[in-house]
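**Student:** Residue numbers (this note's numbering), protein chains in the order written: chain A, 1 to 275; chain B, 1 to 275.
Don't take every hint at face value.
When chains are identical, the list treats them as one kind, so a pair holds in a single copy or across two.
[Stated by the list, open to error] Calculated cross-link-like contacts (lysine to any residue; reagent style SDA-like; alpha-carbon spacing at most 20 Å):
id, residue 1, residue 2
1, K46, E64
2, K8, L20
3, K49, I120
4, K75, D225
5, K75, S201
6, K46, L147
7, K54, E64
8, K143, L178
9, K49, F63
10, K46, E60
11, K168, Y21
12, K49, Q38
13, K49, L134
Honestly, the hints are just simulated from the structure, not real lab data.
None of these values were measured; they are calculated from a predicted model.
Residue-level listing of the chains:
There are 2 protein chains.
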Amino acid sequence: MLNRYTTKLNLFLFTLLFILYLCFGAYVFSFVEQPTEQMVINEMAKTRKDFLGKYPCVQEDDFESFIVTLLDANKHGVDARTNFTTVDNWSFAQSFFFAVTVVTTIGYGHVSPLSDTGRIICIIYAIIGVPMTLLLLTIIVRKLLILLNSTYIWFRVRFSSDTRSESKIRFVHLSIILIFSLIFLFIIPSIVFTYLEENWSFIDAFYFCFISLTTIGLGDIVAGDSPTQRNRLFYKICLTVYLLVGVTIMMLVVAMISLIPELRLIQFFLSEQEV
Amino acid sequence: MLNRYTTKLNLFLFTLLFILYLCFGAYVFSFVEQPTEQMVINEMAKTRKDFLGKYPCVQEDDFESFIVTLLDANKHGVDARTNFTTVDNWSFAQSFFFAVTVVTTIGYGHVSPLSDTGRIICIIYAIIGVPMTLLLLTIIVRKLLILLNSTYIWFRVRFSSDTRSESKIRFVHLSIILIFSLIFLFIIPSIVFTYLEENWSFIDAFYFCFISLTTIGLGDIVAGDSPTQRNRLFYKICLTVYLLVGVTIMMLVVAMISLIPELRLIQFFLSEQEV
Ligand SMILES: [K+]
Ligand SMILES: [K+]
Numbered sequence: 001m002l003n004r005y006t007t008k009l010n011l012f013l014f015t016l017l018f019i020l021y022l023c024f025g026a027y028v029f030s031f032v033e034q035p036t037e038q039m040v041i042n043e044m045a046k047t048r049k050d051f052l053g054k055y056p057c058v059q060e061d062d063f064e065s066f067i068v069t070l071l072d073a074n075k076h077g078v079d080a081r082t083n084f085t086t087v088d089n090w091s092f093a094q095s096f097f098f099a100v101t102v103v104t105t106i107g108y109g110h111v112s113p114l115s116d117t118g119r120i121i122c123i124i125y126a127i128i129g130v131p132m133t134l135l136l137l138t139i140i141v142r143k144l145l146i147l148l149n150s151t152y153i154w155f156r157v158r159f160s161s162d163t164r165s166e167s168k169i170r171f172v173h174l175s176i177i178l179i180f181s182l183i184f185l186f187i188i189p190s191i192v193f194t195y196l197e198e199n200w201s202f203i204d205a206f207y208f209c210f211i212s213l214t215t216i217g218l219g220d221i222v223a224g225d226s227p228t229q230r231n232r233l234f235y236k237i238c239l240t241v242y243l244l245v246g247v248t249i250m251m252l253v254v255a256m257i258s259l260i261p262e263l264r265l266i267q268f269f270l271s272e273q274e275v
Numbered sequence: 001m002l003n004r005y006t007t008k009l010n011l012f013l014f015t016l017l018f019i020l021y022l023c024f025g026a027y028v029f030s031f032v033e034q035p036t037e038q039m040v041i042n043e044m045a046k047t048r049k050d051f052l053g054k055y056p057c058v059q060e061d062d063f064e065s066f067i068v069t070l071l072d073a074n075k076h077g078v079d080a081r082t083n084f085t086t087v088d089n090w091s092f093a094q095s096f097f098f099a100v101t102v103v104t105t106i107g108y109g110h111v112s113p114l115s116d117t118g119r120i121i122c123i124i125y126a127i128i129g130v131p132m133t134l135l136l137l138t139i140i141v142r143k144l145l146i147l148l149n150s151t152y153i154w155f156r157v158r159f160s161s162d163t164r165s166e167s168k169i170r171f172v173h174l175s176i177i178l179i180f181s182l183i184f185l186f187i188i189p190s191i192v193f194t195y196l197e198e199n200w201s202f203i204d205a206f207y208f209c210f211i212s213l214t215t216i217g218l219g220d221i222v223a224g225d226s227p228t229q230r231n232r233l234f235y236k237i238c239l240t241v242y243l244l245v246g247v248t249i250m251m252l253v254v255a256m257i258s259l260i261p262e263l264r265l266i267q268f269f270l271s272e273q274e275v
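Assemble the whole structure, with the sequences as input and the hints as a guide.
**Tutor:** So, in structure tokens, the structure goes:
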């Protein structure tokens, strides 16, 4: 067991590492994204200039105020293209999907409440829904942990020998679970999404799965939102099941890793009195 | 302790309640948001029609393709208004803020990586950053729990008497912490944001604080993103500190509530063998 000063130093160093990691991230993202952004800006500026050049009759003020309305509508999830009336962001299927992304804290935000009433309802809905979901998933994770522990015991009985240490067997058991999770939660769904969504590459699909199941939910790309999507209700329900199962398994994997004695990193930061 | 069948029934009923809650949410959101959405759609359609009516010289095809480019650029965080070149989404300050929202799983997504390289880097960054943040915050929460427990013991010694039960004292202690959290994490920051952000009502600011600290992060409104924002770097750093402290306190409150014996709801779902 470490003494109080060592643990304090460790925590200080870890916090420092965390801040450095954030700065490093800021630098890398800035470096990688700035050129791409500049390209999009240039293209937009050119398109704008070309349009006004082709139509000198259009007054710049009118054009500007049209753009403002259009961007405002878009922020509210309304697309200004001619077919925009066909997309209904608050149909039952879409609202159901929205409710799921709120209670799981994924929160894509590609559609979000527009009115003050909607926002207040959203807050109240989350106050009840988020703890409820957390409790439900925690219970299921607890039950799955018991199940996995029994497979681990079977595994240990089956493969144990003098040459294999217990921690080695635990490592193999965990690796199998990780590989299974990777295949069934990320690889196979990514292939399915690549197939189902028009214009999605495998990287797009994998990125969507990863950003969703870590509950980051950037919402820059969301499955089932193509305006031409058929069977949207069915698609969104399948997606909901995928998200709920996926988030649960991710919680399970985190719980498993945090329970491994060899990986209990927290011990380096808590002194004897604090454990 | 409950027997196995009772716990199974409880879990089944709870799952059913969860599904009903999602359907209820879907119904309410659909009911509240559809009229507002229809209003935005109508307004957009009118603006579009008015513009084309005023300028009959503009060909619909050109107009359409202009809108598509504009919406595409907007999806990538590029605003098509004349002043759009002044906003730099991937400056160091903005990238730093992006990194923080990724590792805390808030993930507003109001800016998101545009290129495949950026997306792959984002995935790798999150694989390391999210567990690192989780570990750091868990350590801090553990230390704060010890601190709060000592205030609780002081509290109990100070106010304990034959007429007050232990659970009553614990309830008062928790209530004080909840009220303090509410004031310092939600009310005061909301007032500050209402003051600092143009066009934000108190409800907008409170909604932003709540959606952020629950890590839902819809990203429909984000502080410090007004194009005319002065001292953006300083603002974003303060915001980062607020988010990190806020998320930590929220984790602390959840941990405290889940540790209260009277509120250990999980016991209704785990049988004797499973505890
Ligand atoms: K989000
Ligand atoms: K999120």
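**Student:** Each hint needs a verdict: does it hold in this structure or not?
**Tutor:** Cross-check of the supplied hints:
Within a single copy, K46 and E64 get their C-alpha atoms as close as 15 Å, and across copies as close as 16 Å, so both meet the 20 Å cut-off. For the identical chains of this complex, K8 and L20 are intra-copy neighbours only, at 18 Å inside a copy versus 47 Å across copies, given an alpha-carbon limit of 20 Å. In this homomeric assembly, K49 and I120 never come within 20 Å of each other (Cα to Cα): the closest approach is 42 Å inside a single copy and 34 Å across copies. Proximity of K75 and D225 under a CA criterion of 20 Å is satisfied in both settings, with 15 Å inside one chain copy and 14 Å between copies.
In this homomeric assembly, K75 and S201 come within 20 Å of each other (Cα to Cα) only across copies, at 18 Å, whereas the closest approach inside a single copy is 25 Å. For the homomeric pair K46 and L147, neither the shortest alpha-carbon distance inside one copy (60 Å) nor that between copies (59 Å) is at most 20 Å. For a Cα distance limit of 20 Å, the shortest separation of K54 from E64 qualifies both inside one copy, at 16 Å, and across copies, at 14 Å. Only within a single protomer do K143 and L178 lie at most 20 Å apart by alpha-carbon distance; the minimum there is 18 Å, versus 31 Å between protomers.
In this assembly of identical chains, K49 and F63 lie within 20 Å of each other by CA distance both inside one copy and across copies; the values are 12 Å within and 13 Å between. For a Cα distance limit of 20 Å, the shortest separation of K46 from E60 qualifies both inside one copy, at 15 Å, and across copies, at 19 Å. In this assembly of identical chains, the alpha carbons of K168 and Y21 never lie at most 20 Å apart, being 31 Å within a copy and 44 Å across copies at closest. In this homomeric assembly, K49 and Q38 come within 20 Å of each other (Cα to Cα) only inside a single copy, at 16 Å, whereas the closest approach across copies is 32 Å.
Taking the shortest alpha-carbon separations for K49 and L134, neither the intra-copy value of 51 Å nor the inter-copy value of 48 Å comes in at or below 20 Å.
This entry does not satisfy hints 3, 6, 11 and 13, going by the numbered hints stated previously.
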